[in-house]
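J.: Below are the chains, spelled out letter by letter.
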Amino acid sequence: MEDAVRALDLTKTYGTGPSAVKALDHVTLTIARGTVAALLGPSGSGKSTLIKALGFVSPADTGEVFFGGRLVVKDGVPLADLAALRRRHLGFVFQKANLTSFLTARENVEIACEFGGKSDGRKRARELLEYLDVAGRERSYPEMLSGGEQQRVAIARALANEPSLILADEPTAALDSVRSRSVMELFRKVAHDRGAAVLVVTHDHRALDVFDVLYEMEDGQIRAHQQERPAPPAAR
Amino acid sequence: MNLALRDVRRHVARFVGTAAGLGLLLSVVVAMQGIYAGMVDDATILTRAMRADLWLVQRDTRGPFAEGSRLDPSVEARASAVPGVRTARPYTYQLIQREQRGAVMRIALVGLGWPDDPGRSLPLVRGRRLQQPHGEMIVDASLGLGIGESLALGGEQYRVVGLTKNALTSGGDSVAFVSVADAELIAFDQPAEAAVLERQRVVARLRGTDLGRGQPTLEDLVTDARWRAPALASPPVAAVLVEADPHRIAEVREVMRSWGDVSVYSQDEEEALLLGGVVQRARMQIGLFTVILTLTAAVIIMMVMYNLTLEKTHDLAVLKLMGAPRTRLLGLILQQAWLLGALAYAVAFAMGELAFPMFPRRVLITETISLVAPVATMGIVTLASILGLTHVMRIDPSVALEG
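Line order of the protein sequences matches chains A and B. Numbering-wise (the working numbering), the first sequence opens with residue 14 and increments by one. Numbering-wise (the working numbering), the second sequence opens with residue 805 and increments by one.
Keep in mind that the hints were calculated from the coordinates and are not lab data. Since the model is a prediction, treat every value here as computed from it, not as a measurement. Do not take every clue at face value.
To be verified - List of simulated lysine to any residue pairs, SDA-like, C-alpha gap at most 25 Å: (1) A:Lys131 x B:Asn1111; (2) A:Lys202 x B:Gly948; (3) A:Lys136 x B:Asp1200; (4) A:Lys109 x A:Arg194; (5) A:Lys109 x B:Ile1104; (6) A:Lys109 x B:Thr865; (7) A:Lys131 x B:Gly1135; (8) A:Lys109 x B:Pro1129; (9) A:Lys131 x B:Arg810; (10) A:Lys109 x B:Ala824; (11) A:Lys87 x B:Asp1200; (12) A:Lys131 x B:His815; (13) A:Lys136 x B:Arg813; (14) A:Lys136 x B:Val1203; (15) A:Lys131 x B:Arg1132; (16) A:Lys87 x B:Pro1129; (17) A:Lys109 x B:Ser878; (18) A:Lys35 x B:Val1203.
Same shape as in the complex, but just chain A:
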């Protein structure tokens, strides 16, 4: 199965001297397309730092990141246009949905399509909202949506450009258990239907059965790597 992203020996240290904190300590991981993976670990274990490094937001100090088989960051130095990579190949879902407050649900998805160079943004936004069962709220502003609806719109936005990798940082933290499970299942559906790799940072152990792969971080290291079941092949 094709790798969506592969990180090799990533290290990242915040601060210097005795107060230095090693957020990533020689982390290596690979996420294949069509796989939904969970990243577990206590606060301060380096999960967010890893997400930032894999999302090309804040590169690691050393190590390499391959995207779609191509080396794009080496020892903190970008070897490609990272903003363009984010625009076209990555989708982000956050803890609080983080929809753009002055855009309606549809526009939040449409703008992502526009950034990704899609010409039929409006049509695609409607399709995605329909796919995620929030088509009826397309004209609503984020503040008018419930937490679950907001997350669905955020997922629709993350899918706007058919990304190879979706990074979700505690996307269910603000949701009840029913909605939380529903969102996790959505990620699984997206990964399996659309062949995207999904990495979800979560503290929520109630829906771990949804994931194909579990990573556990502690003190900046990937401590455990548990593969519960083989990932199904990508749909496309």
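Based on the hints, put chain B in the right spot on chain A.
T.: Structure of chain B alone, referenced to chain A:
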């Protein structure tokens, strides 16, 4: 998708409210410029309306507007005799204050050299020129008098026969035009009390002289209410206005400059005297005030733009994280700044149309102000958005990940 308009649409009331506030501020800046332009125009309109090639005034004075000028009336005849002079006419100028219908009226009274000048060059908007040497006047509409109304001056009634528009002095006082003879009558009018006191002084002086003691009947004469002291000299005029053949103006001027009792100014020089002397301080005052107001407006707009950007920090971080091109985000800020500027200018313009005519001083929106004000507004809002643009550049997309 235009992000700037989408954001405005979401917060339309606040945006329009901000624009209205800035518009009011801009209207004050424009008003200051307009008041200054009005002051300059008022200062020069009077000299321009006289259409004189040369102004003869008292030697070594800068009269008749910047300072007082007293010129022997014979200068008129002398000037008329100079080869190349077409006409020479006397001119008087004095400020008076009267009450009419309970309101204080400040009037700059200009005496026109009847019959040569019945007000031919005045910009009349209603009525006619003077047709009689006595009892008629042309006034500026700002005095609030209508055609046919009368004004009591110097114990006489003067009927308004013509109205001008914007004939004001640099101090903003309305101008009234009468014949020179009437102007002198008004100028030398004495209240009854003053006349009685003057007679008593004459009697006292007579008693101290041999003439008075030798001819006691003289006392009866000077105490008679119908008696007026003989004028030893004709009353002076403020200036003599000369029109000359266009190609001989320099020659005429040279001749007149050789006279020991007059100073000669061209029309431009007379205007420069007004602007340099009378208006200069007001010009500096208003100029400085305008600069301070403009800077204040710029700082306020800058802070408004910065705050509008700060409020969007998280949204902008999310958009950055999604890979939004930098130009789109900078465009959002700039377009909102321009929209704010355009709306604010529209409010300022509307305010000007509604409120400026009600100002006690004339607010003259010149063509230059009309062109420069919107351009300057857009320039200011563009500069003012620099802080906001800098903030956009500095936003770290990882802020979005921190919830």
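J.: If any of the earlier hints don't hold here, list their numbers in rising order.
T.: 1, 2, 3, 5, 6, 10, 12, 14 and 17
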